[in-house]
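Undergrad: Sequence:
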Amino acid sequence: MSSAFTRRRAAAALVTAALLVPLAACGGNDDSEKVTGSPSGSASATKANLTVLAASSLTDVFTTAGAAYEKENPGTKLTFSFAGSQELAAQVEQGAPADALVTADTKTMDGLKADTGTPTIIAKNRLVIATGEGNPDKIENLKDLADPDLKVVLAAPEVPVGRYSKQVLDAQKINVKPVSEEPNVRAVLSKVELGEADAGIVYETDAESAPDKVDAVEIPDAQNAIAAYPAATLKSSKNTDAAAAFVAWLSGPEAQKILQAAGFQQP
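Just so you know, we're using our numbering here: the sequence shown kicks off at 1 and counts up by one.
Simulated from the structure, these hints should not be mistaken for lab results.
It is possible that part of the hints are untrue.
Claimed, not checked - With a Cα cut of at most 27 Å, we get these calculated BS3-like pairs of lysine-lysine:
| hint | residue 1 | residue 2 |
| --- | --- | --- |
| 1 | 107 | 173 |
| 2 | 177 | 138 |
| 3 | 166 | 113 |
| 4 | 77 | 235 |
Every value quoted in this text rests on a predicted model; they were computed, and no experiment measured them.
Whenever a hint applies, use it, and build me the whole structure from the sequences.
TA: Structure representation (structure tokens):
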């Protein structure tokens, strides 16, 4: 792992230790109630039970961020539902009860304009090659993934990280035949962690979430793709003020500190 990865993991650990408290697994969508004098200092602070649909790559960081938000906003309870962005979009289109949505790409969010408020980019991410701990196959770059003796796993092309992976491989004219195509980035990471694959393309933050199980081979910026994460309220929400307050908070200094400690880039 690079020294930059090590520094970010240390920063993430400090932030998590300071902020992480148990998240309540509440499921109701009660109408929001205004709260005066909220510690968050937000003029639109409310209390409510919020359900947030979020991309799989946000699993760890949103657990920490959610705990911090609940601590700042007593009475607000967050329930996160993590999945591939394409799965989240299907849930929204099918009318799943939820209050806010965060995807790992703008394309998916743009396809839901009729269902969401105006989205805001809250973070960015980049791709890396995840290998087994110690990089036993000595993978150095994207070209190495074309080795037919390697078991490479990618996300399915309809998944944002799968689409980004295809984009960078096609740009370098590299033909990779994956042993499987997974429904989200965490499934790709899991295959590498368990030794079911020799390598896979994941987001940098996902590789950093498993430092004792995988190594990350960096992809040069000139060959890489940048993922943008838009967040938006859902028009079907019964807690519109509370949902808007949470989405706005994600762009604020406290949330940005947590996101960047986890390895996400500034929006």
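Undergrad: Hint by hint, note whether the structure agrees.
TA: Status of each hint after checking the structure:
{"no.": "1", "hint": "107 x 173", "in the structure": "holds (24 Å)"}
{"no.": "2", "hint": "177 x 138", "in the structure": "holds (19 Å)"}
{"no.": "3", "hint": "166 x 113", "in the structure": "holds (26 Å)"}
{"no.": "4", "hint": "77 x 235", "in the structure": "holds (19 Å)"}
In the structure shown, no violation is registered for any of the earlier numbered hints.
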